[in-house]
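Student: Those protein sequences? They're chains A and B, same order as listed. According to this note's numbering, the first sequence is numbered sequentially starting from 335. According to this note's numbering, the second sequence is numbered sequentially starting from 335.
Quick caveat, the hints were computed from the structure, so don't treat them as lab data. This structure is a prediction, so every number in the text was calculated from the model and none was measured. There are no misleading hints in this set.
Since copy identity is lost for identical chains, a pair holds within one copy or between any two.
Simulated crosslink set (DSSO-like; lysine-lysine; CA at most 30 Å straight-line): (1) Lys358 to Lys440; (2) Lys378 to Lys434; (3) Lys358 to Lys378; (4) Lys385 to Lys434; (5) Lys395 to Lys385.
This is what each chain is made of:
Number of protein chains: 2
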Amino acid sequence: MQLTRHTDYAFRVLIYLSSVEEGKLSTVGEIAEIFQVPINHLTKVVQQLGKAGFIITLRGKNGGIRLAHDPESILLGSVVRAMEATLDPVNCSQPLCRLKINCRLKPILNRAIQSFIETLDEYTLADISQNKEVQTLLVTEL
Amino acid sequence: MQLTRHTDYAFRVLIYLSSVEEGKLSTVGEIAEIFQVPINHLTKVVQQLGKAGFIITLRGKNGGIRLAHDPESILLGSVVRAMEATLDPVNCSQPLCRLKINCRLKPILNRAIQSFIETLDEYTLADISQNKEVQTLLVTEL
Chain A
335 MQLTRHTDYA FRVLIYLSSV EEGKLSTVGE IAEIFQVPIN HLTKVVQQLG KAGFIITLRG
395 KNGGIRLAHD PESILLGSVV RAMEATLDPV NCSQPLCRLK INCRLKPILN RAIQSFIETL
455 DEYTLADISQ NKEVQTLLVT EL
Chain B
335 MQLTRHTDYA FRVLIYLSSV EEGKLSTVGE IAEIFQVPIN HLTKVVQQLG KAGFIITLRG
395 KNGGIRLAHD PESILLGSVV RAMEATLDPV NCSQPLCRLK INCRLKPILN RAIQSFIETL
455 DEYTLADISQ NKEVQTLLVT EL
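Just chain A, with the same shape it has in the complex (with noise of 0.2 Å):
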């Protein structure tokens, strides 16, 4: 069980859009570079986090991508509700399960996963921004 990489990688951009100088603007390049992931793989995640309504991009030669919210404001659980393509813990219906209609397994998996994002919602985008670290990424030789 492993958050996808999707999920993974929004949470490395917006650890690092809250972990740069405050205004300024960052490219999906950068990042990608930075974190040496695809570049494709990277614009459509940022374009998810957009949608989502996490960042804000702004078009044009200076443009860029920033946070739409002050970390503080962005709840963990909130990131992997809107970045995993399923919260579903198990797949009944492919190959449909016969046990499905009484099954008393999937509500207990549910409050599982509940659990899971609850615990996640206790803390915000600030609790793991790493403005040091960042910092030093950025002008570390790649």
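Fit chain B to the given chain A structure using the hints.
Tutor: For chain B alone, coordinates are given in the frame of chain A:
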């Protein structure tokens, strides 16, 4: 974020074995047919359940499998711990995340996974056993 099919099938096998008549031995073929899942995959699941001490395999012509313990003593979290290939919420090593050494996110994600498992550990196999439903499946035309 989803449990692997391996763990999903493990739960189905355990639900089945906890629901059949006491003392009765079951076969992998019978369970594969009931749930209409591939017998090869189910065989691997059953082998792992055996190694982890959840079930006992009796060999020979009249052999089969049965639970090794009372359903009341099998915590649901222990099934996930035994069957999931990883409970590492993200893969920070491939590709290597450059924030890995000082990451503040990973300990929070690990705490959330812990909450997931602890919620499951509030329940036992007896809570998800389905005697009536399995009896119905056994007599249902496939």
